[in-house]
Each structure stands twice: as C-alpha cells, then as structure tokens.
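Trainee: Protein chains in written order, with the UniProt record's numbering: chain D, 1 to 359; chain L, 1 to 359.
Treat the hints as calculated values from the structure; they're not laboratory data. Everything numeric in this text was worked out from a predicted model, so none of it was measured. One or more of the hints may lead you astray.
Said to hold, decoys possible - Derived CB-CB ranges, DEER-like:
#1 L:ASP58 with D:LYS331: 49 to 57 angstroms
#2 L:ASP159 with D:HIS119: 48 to 56 angstroms
#3 L:HIS320 with D:LYS44: 18 to 26 angstroms
Where a beta carbon is used, it is the ideal one built from N, C-alpha and C, also for glycine.
2 protein chains.
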Amino acid sequence: MHQLYFTPGPSALYPTVNLHLKDALSKGYLSASHRSAAFKDIYKETENNLRTLLSLPDNFSILFTSSANEAWERLIQNTVENKSLHLVNGAFSKRFADIASAYNKDAIVYSAKEGEVVHVDEIKEDQEVELIAITHNETSTGVSQPLEDIKKLRNKFPDALITVDAVSSLPIVDLPYDLIDSAYFSVQKCFGLPAGLGVWIVNQNCIEKAEKLENKGIITGSYHRLLAMYKKGKDFQNVETPNVLGIYLLGKVAGDMLTKGIGQIRNETIYKAGVLYYGLQTHPLLNPFVNDEKIRSQTVCVFNTNGESERIINELKKKHMVIGSGYGSFKSNHIRIANFPATGKEQIEMLADKINEIQ
Amino acid sequence: MHQLYFTPGPSALYPTVNLHLKDALSKGYLSASHRSAAFKDIYKETENNLRTLLSLPDNFSILFTSSANEAWERLIQNTVENKSLHLVNGAFSKRFADIASAYNKDAIVYSAKEGEVVHVDEIKEDQEVELIAITHNETSTGVSQPLEDIKKLRNKFPDALITVDAVSSLPIVDLPYDLIDSAYFSVQKCFGLPAGLGVWIVNQNCIEKAEKLENKGIITGSYHRLLAMYKKGKDFQNVETPNVLGIYLLGKVAGDMLTKGIGQIRNETIYKAGVLYYGLQTHPLLNPFVNDEKIRSQTVCVFNTNGESERIINELKKKHMVIGSGYGSFKSNHIRIANFPATGKEQIEMLADKINEIQ
Numbered sequence: 001m002h003q004l005y006f007t008p009g010p011s012a013l014y015p016t017v018n019l020h021l022k023d024a025l026s027k028g029y030l031s032a033s034h035r036s037a038a039f040k041d042i043y044k045e046t047e048n049n050l051r052t053l054l055s056l057p058d059n060f061s062i063l064f065t066s067s068a069n070e071a072w073e074r075l076i077q078n079t080v081e082n083k084s085l086h087l088v089n090g091a092f093s094k095r096f097a098d099i100a101s102a103y104n105k106d107a108i109v110y111s112a113k114e115g116e117v118v119h120v121d122e123i124k125e126d127q128e129v130e131l132i133a134i135t136h137n138e139t140s141t142g143v144s145q146p147l148e149d150i151k152k153l154r155n156k157f158p159d160a161l162i163t164v165d166a167v168s169s170l171p172i173v174d175l176p177y178d179l180i181d182s183a184y185f186s187v188q189k190c191f192g193l194p195a196g197l198g199v200w201i202v203n204q205n206c207i208e209k210a211e212k213l214e215n216k217g218i219i220t221g222s223y224h225r226l227l228a229m230y231k232k233g234k235d236f237q238n239v240e241t242p243n244v245l246g247i248y249l250l251g252k253v254a255g256d257m258l259t260k261g262i263g264q265i266r267n268e269t270i271y272k273a274g275v276l277y278y279g280l281q282t283h284p285l286l287n288p289f290v291n292d293e294k295i296r297s298q299t300v301c302v303f304n305t306n307g308e309s310e311r312i313i314n315e316l317k318k319k320h321m322v323i324g325s326g327y328g329s330f331k332s333n334h335i336r337i338a339n340f341p342a343t344g345k346e347q348i349e350m351l352a353d354k355i356n357e358i359q
Numbered sequence: 001m002h003q004l005y006f007t008p009g010p011s012a013l014y015p016t017v018n019l020h021l022k023d024a025l026s027k028g029y030l031s032a033s034h035r036s037a038a039f040k041d042i043y044k045e046t047e048n049n050l051r052t053l054l055s056l057p058d059n060f061s062i063l064f065t066s067s068a069n070e071a072w073e074r075l076i077q078n079t080v081e082n083k084s085l086h087l088v089n090g091a092f093s094k095r096f097a098d099i100a101s102a103y104n105k106d107a108i109v110y111s112a113k114e115g116e117v118v119h120v121d122e123i124k125e126d127q128e129v130e131l132i133a134i135t136h137n138e139t140s141t142g143v144s145q146p147l148e149d150i151k152k153l154r155n156k157f158p159d160a161l162i163t164v165d166a167v168s169s170l171p172i173v174d175l176p177y178d179l180i181d182s183a184y185f186s187v188q189k190c191f192g193l194p195a196g197l198g199v200w201i202v203n204q205n206c207i208e209k210a211e212k213l214e215n216k217g218i219i220t221g222s223y224h225r226l227l228a229m230y231k232k233g234k235d236f237q238n239v240e241t242p243n244v245l246g247i248y249l250l251g252k253v254a255g256d257m258l259t260k261g262i263g264q265i266r267n268e269t270i271y272k273a274g275v276l277y278y279g280l281q282t283h284p285l286l287n288p289f290v291n292d293e294k295i296r297s298q299t300v301c302v303f304n305t306n307g308e309s310e311r312i313i314n315e316l317k318k319k320h321m322v323i324g325s326g327y328g329s330f331k332s333n334h335i336r337i338a339n340f341p342a343t344g345k346e347q348i349e350m351l352a353d354k355i356n357e358i359q
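The whole structure should be built from the sequences, with the hints applied where relevant.
Mentor: Given below as structure tokens:
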C-alpha cells in the first residue's frame, strides 16, 4: 500500500514529479549532452523559474552543487581566508562550523541553548570576520532564526559576507536578499524532489571575494571553484556532467509552484503548521520542542515525545504514515514532521487526527 | 519521434531504466530517509551487484561521488601530499593534472601525441611520486591505454598509488585490481543511467595514505574526506543526503547486467566496435582517429571527418540518430560514437549503414 511521507527530507515527492519524470524520459532529456542547446534550455528554464519564485535580484547567480554539504565546503574554500562566524542552533549549523575548522579556518561559534536561537545581541563586533553563517531553519530541531536578526547582523558587520542556510525553508521563506550575500537549499526538502542536488545562490560580493582569495594564491578548490561554477553558469552549463534530471525537475516544479502562486503556498504552509502545533496542543505525550512560538519552524515541526518517539512512529506506520524521528541524540525523544508544499492540507489534518488517537 | 542516442555520455539509457524508475517511484524509495534500513538495503544491493560485476576484491571499497570530477579532486586531496604523475592522452586526463595543480601539487605530466598513448617506457623512475593517474579510456579522443602498461608502471613505481580513470570503460574493462589502488567511473557512460553520480573505488592503501596525510595535519577536505566517506560507506550510508535514485538505478542495472552476463556484454562490445571500425573502413570521409588498433577504444569510437562532422551529425539527426561531435578543438573534425551496453547490435549495425549512406 502507498505510504504518506511526512519525513523531513528526503520527503514526499511534489505531486507533479511523476509526470515530469515521464516527460523527461520520453523526450530523451536524460540522454542529451550537457553541452547541447537542449540542456542549456533546461538550465535556463530552471534558473528563470527559480529566480521568479524566490524574487531573486539580478545581482545574484544560481549555481548547482551536489548537496548542501558541498555548498558549505565551497563557501569556506571560496569566501573565507581566515575567519568565519557561525550561529549554531542545531546539528546542521554545527556541521558547517566543523567544515570551516576542517579547512583550518578560525570558526567562531555562538551556540544557542537547545530549542532556542542565538541571541544576536550577544554577538561581539569583529572586523576580522569574513563570513557569517546563519541557519534560517535548523532541520535537526525545528528552530528558526528570525529574519530581523539578519538586519541586526548586517548592521553590526557591514563588511562581512552573510550566508543563509535555507535548506529546508526555501522557497517558503522570503529572504531579505538586500541584506545577504548567499543562501542555499536542497531540493529534497520544500521542493519535494529526489535527493542529489543543492542550489547555491551567490551575489557579486562572493564572486569578488573568491577573486581576491585567488589573487592571493589561496586554494579555492578545483572543478567547483566558485569562479569556475560562476563562469559556466553564465553560459547555462555546469563544469561537470551534472544531475540533469534534478535540474530539469527543479525547474518544472518551480514552474508548477509559480502557477499555484508562491503566496498561496506560503499561506497554506502557515495554516498546516498551525494544524500541527495547535491541533496537537492537548496531546498528553507531545509538546513542541521549541517553546517560543516566534522561533518555531513552519516547515519542520518538532515535538518532544517524552521518550515515546518509537511507539508513535510505529503506530503511524501501521496507518501508512511515515514521520521522522528526532535527530542525533534526540532520536528517542523527538518526532519531526515535514510541512513542505508537497503535502496537502487534508493530509496534515489527517496526520494530526491520527496522532491524537495515539494516547 | 523517439531518438536513438549514440552520444558518449550522457548517453542512451539502459533499456531497463524506465522500469526501475517506475518501481522506485511506486515503492516510495525517493521519499525514504537516507538513514533508514530501506536505504541501507538499496546501498547494499548496489555495492554487492557492482562488486560481483567488476570482480572487485574484498580489499576495495565502493564509494559514491557526485561526478568523476569529484573523484579527481578527492584523490588529490586525500592521497597526494606533494607529487602526482599523470599520463595525459586527451582533455580529461589533462584536467585531472590541472586539478592537482589547483591544489598546489607538483603534477608531473607525460603527454601523448594526439591519438596515441603515453609510452610508459619513457616515464622516469621517481621515488617521490605518490599517485600515478592513468586514463584507461580517454572519452575525448577514444584512445585507450593498454592494460599491460599498468604492470610496467607498477614495476617501476612499487610504492606509488595507481588510480585508473575508467569513466567510460567500466564495467567493460576487466581491470587488474591486484596492480592498482583506485579506479572511478561515471554512471552516464557504460551503465546507461541519468547523470549525476560517480563511483570511486579505493583499496586500503588509499585509506592508509589519507590517514597518514591527516596525521601530518594536511587538509584532506571536509564532508567528503576519504576517511569520512569510507566510514559511512562501511555502514552502507553516505555522509550527505546522496543521489538515492542514482544509487538505486545503478544497483538495478548492475543486477540486470549480471543476469545477462558480463562476458556476453563484453563480447557484444567487441563485436559492435568491430561493426563501426571495420564497417566504416571504406567510408570516403571517415577514418579512425586512433591509427593503432591496439589502443583504439572499444567503448568510445572516434573518427576523423575531414571537417565534415557537422554535416554527418545533421544527416543522422534527420534519421533520428544522435552521435557526438569531436571534443574541444576536435569539434568539427571528429565524430564520437558511444558503444555502450545500452545500445544493441542491431542499432550499431543500422548506424553504420546510415553513416555509409552519407557520402
């Protein structure tokens, strides 16, 4: 029997993926050369649809990585000579800081308490910081750094590059692109696509920083040096033979989202998050992991389970519904429910009903 | 109308890909967590089928990269402190050497004349060489380094690691795994799969070398440090959320190839290459780019066209057959025809007939 996936990535496929996959097969796109006009047209459509969907200004370029992990590595290699600053509010933001350390950078870490965000007022001014890493939506714990904090950080660090981890929140979040220099997401989250593709957005400040580092003789990588990716991207190509299918599907689903309207998708997300957070409010076993409503993720809803995660997950499995366990050390004490656009209102309502039946 | 692809990658899809794709969709594999037992089973099946298909000894591990480009970069980062040696017989082997240079390594290059291979007898002994890069099958020019040369290099460099680029020749080539330490290929070539996945094979010597470099404090990368990939791979997982679909399809197609028999697939490849090289022998416009039959690729057949590439390609397009142009500076003077397992004997025979009609 068909299962309903509410897992925080890989997650439920966007309803049109099946159709687009069949189209890609029947049109031979998966056999076409990645240097052909046919591929460039795919790349262009994906770029155009994404740019419109995200309201991305012209001074930003859209590049393709193999994962968000790769975006972390390329950011460190290409935009940091010595010092980066990381707002850590969970396992994934921590991993970005670890990648900076792996490349021998001085990675300054400000850690939030569990289920909270970093208080940006406590972050000290530091002229030497070259890159500030903010995780908008921490997939591991469902905590969301308020967008107002980006403004505060920009004021405090006028010259640093700011990059935003929106792995599990784009295109739901409307990022303040005038205040940031880079952002990235993975396609297996809010876009409901098969995993294996990351999208890395950079503005001219990032490009100039990479040039500056290279002029100093600093190693910025090889085939995926930012400048190499940027140059090929301007010609609607990738350096390597890319995940053509992933790029194709992303463009098509972004197009479908445009047809539906990003406003409506965002409104539905708020509604569905409400169904989960308020609909499960009186559940005897559950309470939201993030106490403060203002920093609760709209797209990855995380609940404390008082050690009952496994039982809840198994009960739901019997009803053909798959939700995520807690991440890392929270495995037995959290459940994580993806609230991505692929999942309809009725499905989230049904899930909340079924969870409420588990006592 | 349906097109027949004879392009050297991305190429024609293996005939069973369509079916496996539908299965993956209907079974929900694309939504399953990359930490789930379901995913580990996929990983195990792919690893087992590949190991059997390639007759890969137990001291080799199978790792997944996003591309062959990534395998180049990770090899340089993880197995070379100072010096690598590259046998360059075309654009792709050259690019590997460039990646070594990008990481400030001393990349010794031995270049072959166009359409020839490097004469290994001319390569000087050098105790300092840590990694020798051999390209078995140069996709850009269709020249193939004889396997006997690996033995000679092993004798001359008993302590160096040897890595073999078999991007467009595995699983057709039966590599001498007792003489080498690493090999890699891309799935969009001989396996006839959608692009976006590389397979990197390493033995314990590579692992030990990476450990040695890390103990010296040398940067070996971050999320895709060889040791991190190796550790996760032993648990049938990837560090990042991987191209699950690619790994799934690779395992299934490797299984189909096992069912057919690798011996038969290799015999058919030789037969089909013969149809092209001998069937086009008297063509007034064409002659094989590689003069010496012993070093002609069986899987990527390249012909001089006396400047008529575009016309030949366009004539074939009218008959719904797509072949590759020459690579780089050879664009107008070569055609490249993929002779991968996805393409049947009848299709290659028909292609040769149609090319012979173009005068």
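Trainee: A range of 18 to 26 angstroms was offered for this pair. Does it hold for the Cβ distance of HIS320 of chain L and LYS44 of chain D?
Mentor: 25 angstroms, holds
Trainee: Within 49 to 57 angstroms: is that where the Cβ-Cβ distance between ASP58 of chain L and LYS331 of chain D falls?
Mentor: 32 angstroms, violated
Trainee: Note whether the CB distance of ASP159 of chain L and HIS119 of chain D lies within 48 to 56 angstroms or breaks it.
Mentor: Once the Cβ atoms are compared, 55 angstroms apart, the range 48 to 56 angstroms for HIS119 of chain D and ASP159 of chain L holds.
Hint 1 alone, counting from the list given before, is not met by this structure.
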